[in-house]
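**Student:** Chains C and W, in that order, are what the protein sequence lines are. Count the first sequence with this note's numbering and you get residues 20 to 310, in order. Count the second sequence with this note's numbering and you get residues 20 to 310, in order.
Just to be clear, a hint being listed does not mean it is correct.
Just so you know, same-sequence chains aren't split out, so a pair can sit in one copy or run between any two.
[What the hints assert, rightly or not] Distance condition first, Cα-Cα at most 20 Å in a straight line; then the derived DMTMM-like pairs of lysine to aspartate or glutamate:
#1 Lys127 to Asp61
#2 Lys68 to Asp159
#3 Lys147 to Glu136
#4 Lys147 to Glu135
#5 Lys226 to Asp60
#6 Lys127 to Glu219
#7 Lys68 to Asp287
#8 Lys270 to Asp178
#9 Lys147 to Asp294
#10 Lys270 to Glu193
#11 Lys127 to Asp104
#12 Lys127 to Asp211
Simulated from the structure, these hints should not be mistaken for lab results. It should be emphasised that the depicted structure is a prediction, and the values quoted were computed from it without experimental measurement.
There are 2 protein chains.
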Amino acid sequence: MAKKPSADEVRARLDDVARSLEAAPGVRITDLDAASTPSFDDGRKTGEKLLGTIGERMSELQERLYAHGRSGGDRSVLLVLQGLDTAGKGGIARHVLGLVDPQGVALKAFGRPTPEELEHDFLWRIRKALPPAGRIGLFDRSHYEDILVPHAAGTADADELTARFAAIEQFERELVAGGTTVVKVALWVSRDEQYLRLRERLERPDKHWKYSPNDVDVRLARPAYEAAYDEVLARSSFDVAPWYVVPADRKWYARLATSALLLRALLDLDLDWPDPSYDVATELARLDATR
Amino acid sequence: MAKKPSADEVRARLDDVARSLEAAPGVRITDLDAASTPSFDDGRKTGEKLLGTIGERMSELQERLYAHGRSGGDRSVLLVLQGLDTAGKGGIARHVLGLVDPQGVALKAFGRPTPEELEHDFLWRIRKALPPAGRIGLFDRSHYEDILVPHAAGTADADELTARFAAIEQFERELVAGGTTVVKVALWVSRDEQYLRLRERLERPDKHWKYSPNDVDVRLARPAYEAAYDEVLARSSFDVAPWYVVPADRKWYARLATSALLLRALLDLDLDWPDPSYDVATELARLDATR
């Protein structure tokens, strides 16, 4: 059995993962290998065991974060998940966020905007869904849909896109300044793997509900979406909130890598248990008097 | 190894659990043994294993419920959890709801009403937090606080309480008619066990945040709360939404019994995977053309 790594070793390992996944300047998403497993070379079995270990540590730190939120702290973590259909966003929600206490989690999936949402600025519905202090939030799709969709469809002009990027940058800087750690993950699934996953949805009656005819329409427009992703990675990987591109053809890997990024964000908060807002000795005496 | 039980056997077993926990007419909560383990006599180790098995089954049925919600279905399940401080409501949220996909769960904890909430009818904030179709909702405290607190404090007169019970009955009947299965669980922790749990919160720095001086105030008023619970059980155990009283001195038991009640509710929905809203053969051909 391997020796338990020290806190410094864990930290160095997680930094290594982050470095290997951070979107490099000028990266083109189609140049990346969606089946690769950067920073984790020991295969699925080892990876799944490691996910369990990461989950336990995440769970402890999540409780500490929650305790802070309940004690007036302003910290929170927001995981922004983007990815083409079948990239595995739902699987991350289930198998990564599922590792921690559901009370400490705030999940939000963004679909096509409702008529009410369309009457507001595109960030309106996003702001409403931000995690409260003390929580880990997950956005399954996000404000980036408001760049990706019009970009891919060619329905927004360059000035509009520039204005949206500027609004997003300001928004995310504001979030970070307010105590929210923003972790942005683009899950990258290959064309071939996407085909297999869509086919499985059509072949298995228990997966039919996950399929929509729109999935093929979007698949046909895949090159336009890839270009839109390149643009997003190039223009919104801010110092305070960089993009990570996670290869997602291997589900175990995408879950492990995303959980490592999340654990790193939680460790960075560096939170102790909050001090009590009452006098412990006094309360012990009061309690004992009721025995 | 025991033979896997048939669906009928599982169902009969769950009915047995429900029968043993349903609040009997005229029950007095202080007559119940909070350390007992009705319907599960094989101890903690077996109980914890069984919780894992129940969790797997719950998880499957939760996904089916979610699929229905996504396909236009109107069914949902609402677990209403009540209990004195330290009864273990948070533990149920974590260890029971934590067994299923967090995407399919809607948790809401109700604290002291905010000024905005007080400007509305007491059911206003409750209605806003109802689980959407396809979800399992959990209320950690609920509209019953609006009976329990004024009853225990003696700040509501008989007419007011009667009006609230009537409003609650109408509300819950409306919920059930609209497709929501309502499972109401009162967790029952003894005076002695409550003392030990509060003491642990004061002794362990990692639990200080869970303690509030108000906990001792409420403990001092415990007889008044017990009488309020008796009143709630007597007057709001409706045929469509009965109360279950779950002995909670043994945490493993409270989690197991509550998960059994939840599994029974999910089985009762009797849902198949929803039919696709598209033609499968057509979509297979469209997809294959993109290969």
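**Student:** Against this structure, judge whether each hint is valid.
**Tutor:** Structure-based check of each hint:
In the homo-oligomer, the alpha carbons of Lys127 and Asp61 never lie at most 20 Å apart, since the shortest distance is 33 Å inside one protomer and 41 Å across protomers. In this assembly of identical chains, Lys68 and Asp159 lie within 20 Å of each other by CA distance neither inside one copy nor across copies; the values are 25 Å within and 33 Å between. In this homomeric assembly, Lys147 and Glu136 come within 20 Å of each other (Cα to Cα) both inside a single copy, at 11 Å, and across copies, at 18 Å. With identical chains, the CA atoms of Lys147 and Glu135 are at most 20 Å apart both within one copy (13 Å) and between copies (17 Å).
In this homomeric assembly, Lys226 and Asp60 never come within 20 Å of each other (Cα to Cα): the closest approach is 31 Å inside a single copy and 39 Å across copies. Taking the shortest Cα distances, Lys127 and Glu219 never come within 20 Å of each other, neither inside one copy (26 Å) nor across copies (35 Å). In this assembly of identical chains, Lys68 and Asp287 lie within 20 Å of each other by CA distance neither inside one copy nor across copies; the values are 23 Å within and 36 Å between. In this assembly of identical chains, the alpha carbons of Lys270 and Asp178 never lie at most 20 Å apart, being 37 Å within a copy and 59 Å across copies at closest.
In this assembly of identical chains, the alpha carbons of Lys147 and Asp294 never lie at most 20 Å apart, being 30 Å within a copy and 34 Å across copies at closest. Within a single copy, Lys270 and Glu193 get their C-alpha atoms no closer than 33 Å, and across copies no closer than 42 Å, so neither meets the 20 Å cut-off. For the homomeric pair Lys127 and Asp104, the shortest alpha-carbon distance inside one copy (17 Å) is at most 20 Å, but the shortest distance between copies (30 Å) is not. Neither within a single protomer nor between protomers do Lys127 and Asp211 lie at most 20 Å apart by alpha-carbon distance, with minima of 29 Å and 41 Å respectively.
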